[in-house]
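Visitor: Residue numbers (our numbering), protein chains in the order written: chain R, 4 to 116; chain U, 16 to 129.
Certain hints may be false.
[Unchecked claim] In silico DSS-like pairs for lysine-lysine, Cα to Cα no more than 25 Å straight-line:
id, chain 1, residue 1, chain 2, residue 2
1, U, Lys69, U, Lys86
2, U, Lys83, U, Lys69
3, U, Lys20, U, Lys83
4, U, Lys121, R, Lys60
5, R, Lys60, R, Lys20
6, U, Lys20, R, Lys60
Hints in this document: simulated from the structure, not taken from any laboratory. The model shown is predicted, which means the values in this text are computed figures rather than measured ones.
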Amino acid sequence: EADIYQTPRYLVIGTGKKITLECSQTMGHDKMYWYQQDPGMELHLIHYSYGVNSTEKGDLSSESTVSRIRTEHFPLTLESARPSHTSQYLCASTGGFSVDGYTFGSGTRLTVV
Amino acid sequence: DQQVKQNSPSLSVQEGRISILNCDYTNSMFDYFLWYKKYPAEGPTFLISISSIKDKNEDGRFTVFLNKSAKHLSLHIVPSQPGDSAVYFCAASAVGGGADGLTFGKGTHLIIQP
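Produce the complete structure using the sequences and hints provided.
Guide: Put into structure tokens, the structure is as follows:
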């Protein structure tokens, strides 16, 4: 049973729309991450957070923004979706200082038409 | 500039044989390496890891080998089973440098044939 939840699983949306991808975890983890993955490509870190009110940009530049108002919740927002945002978005969390402890959600497959 | 490279996009292996997935890295600061397995429409799941102070780590059918001088690691699966068909991602981290983010390769799609 998953302890980290992402919704929606699939989303098809028109250009210019504002969207929020949800990510919630029930493990009490302080550290949360958003990765973006295109088919056949590596996962790229786009945002991360080390706790409430902490957000940082990752290695890959992204037009999305994130917030961390509650420990368990780390939503990602695109103010104006474009076809170039079409991708899979994966949320992960970990407790402590252990890369082994990464738990990934099932991902959101976003298509912008 | 890819720091973690998986040069084989796909690999086909017969059931019961050994699967060997390869990974190369360029960043000498990496000191912790992991393999993740990913099924379609699911998130990656942790498989096995190895610290740079070791050259081998084994967990059941899965063994990871690390050659630091060659900046190369490999994942061996033996015997291969149909459920092993998935995309395998190699990942690395510079834990000793205080980072806990992961740098991923592009993945290798392993296909186990009956």
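Visitor: Determine for every hint whether it applies to the structure shown.
Guide: Results for each hint:
no., hint, verdict
1, U:Lys69 - U:Lys86, "holds (13 Å)"
2, U:Lys83 - U:Lys69, "holds (9 Å)"
3, U:Lys20 - U:Lys83, "holds (15 Å)"
4, U:Lys121 - R:Lys60, "holds (21 Å)"
5, R:Lys60 - R:Lys20, "holds (22 Å)"
6, U:Lys20 - R:Lys60, "holds (23 Å)"
Against the hints set out earlier in the document, no violation occurs for any number.
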